[in-house]
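Asker: Using the sequences and the hints given, assemble the complete structure.
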Amino acid sequence: MPEVGKQGPESLATARVFFALWPDERVREQFMQWAKLLHETCNGSITRPGNLHITLAFLGNIASSRLDELKLLAAKLSGSAFNLSFTAPGYWRHNRIAWAAPDETPQVLSDLVKKLECSLQIAGFSFDERPYAPHLTLLRKARWDPPLRPLKNINWAIKEFVLVRSNRTESGSEYEVIGRWPLS
230 MPEVGKQGPE SLATARVFFA LWPDERVREQ FMQWAKLLHE TCNGSITRPG NLHITLAFLG
290 NIASSRLDEL KLLAAKLSGS AFNLSFTAPG YWRHNRIAWA APDETPQVLS DLVKKLECSL
350 QIAGFSFDER PYAPHLTLLR KARWDPPLRP LKNINWAIKE FVLVRSNRTE SGSEYEVIGR
410 WPLS
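With my numbering as the guide, the letters of the sequence shown map in order to residues 230 to 413.
Please note that a few of the clues may not be correct.
Said to hold, decoys possible - Straight-line C-alpha distance at most 25 angstroms; calculated BS3-like pairs for lysine-lysine:
| # | residue 1 | residue 2 |
| --- | --- | --- |
| 1 | 343 | 388 |
| 2 | 343 | 300 |
| 3 | 305 | 370 |
| 4 | 381 | 370 |
| 5 | 344 | 388 |
| 6 | 265 | 381 |
| 7 | 344 | 305 |
| 8 | 344 | 300 |
| 9 | 300 | 388 |
| 10 | 343 | 305 |
| 11 | 265 | 370 |
Claimed, not checked - Pair by pair, the computed Cβ-Cβ distance ranges are:
| # | residue 1 | residue 2 | range |
| --- | --- | --- | --- |
| 12 | 340 | 398 | 31 to 39 angstroms |
| 13 | 340 | 377 | 16 to 24 angstroms |
| 14 | 334 | 253 | 18 to 26 angstroms |
| 15 | 292 | 270 | 41 to 49 angstroms |
It is worth saying that the hints were derived from the structure and are not from the lab. Beta carbons: idealized from backbone N, C-alpha and C, even for Gly.
Answerer: This is the structure in structure tokens:
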């Protein structure tokens, strides 16, 4: 078995992947400000800035030989650009995660997820089929104690979706965008 962070033959044979919405630097910094303020009262582990995202479809481990197939599938999808607004963080007590979710899920986002899932099913890919709940993880292993100071609202213009590979390193998972597709 290869060491964590090392690429041996078995780790090259599969890739752990997901489709996501990926924030630009400005939006990422705003979420990091939320995470830092939450951390002051909730403790826990702050999500790495480069790992902030909203998952559209999580596939898990797939054969690396099928990555090009996934990219072709995504290139055939169409969708419209849209905006997401965030006004307050939330907390899941069962897994101690502080998160940010859009105030509402626009129909265009739901439609994009449905098209993606349908295309994945037709192509024979397995994916997490839980009901879709868009969110961005800010803290793990947190206890809920909302910040005393108000958080600045975040508005995120979504203009693309991405395919992400999760790479294991000695310090945990690091996410790498391996494909991008614009939304009209």
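Asker: Give a verdict on every hint.
Answerer: Hint by hint, here is what the structure shows:
no.	hint	result
1	343 with 388	18 angstroms, holds
2	343 with 300	17 angstroms, holds
3	305 with 370	39 angstroms, violated
4	381 with 370	23 angstroms, holds
5	344 with 388	17 angstroms, holds
6	265 with 381	13 angstroms, holds
7	344 with 305	10 angstroms, holds
8	344 with 300	14 angstroms, holds
9	300 with 388	17 angstroms, holds
10	343 with 305	14 angstroms, holds
11	265 with 370	14 angstroms, holds
12	340 with 398: 31 to 39 angstroms	35 angstroms, holds
13	340 with 377: 16 to 24 angstroms	39 angstroms, violated
14	334 with 253: 18 to 26 angstroms	20 angstroms, holds
15	292 with 270: 41 to 49 angstroms	44 angstroms, holds
In summary, the structure is inconsistent with hints 3 and 13 from the numbered list given earlier, while agreeing with the others.
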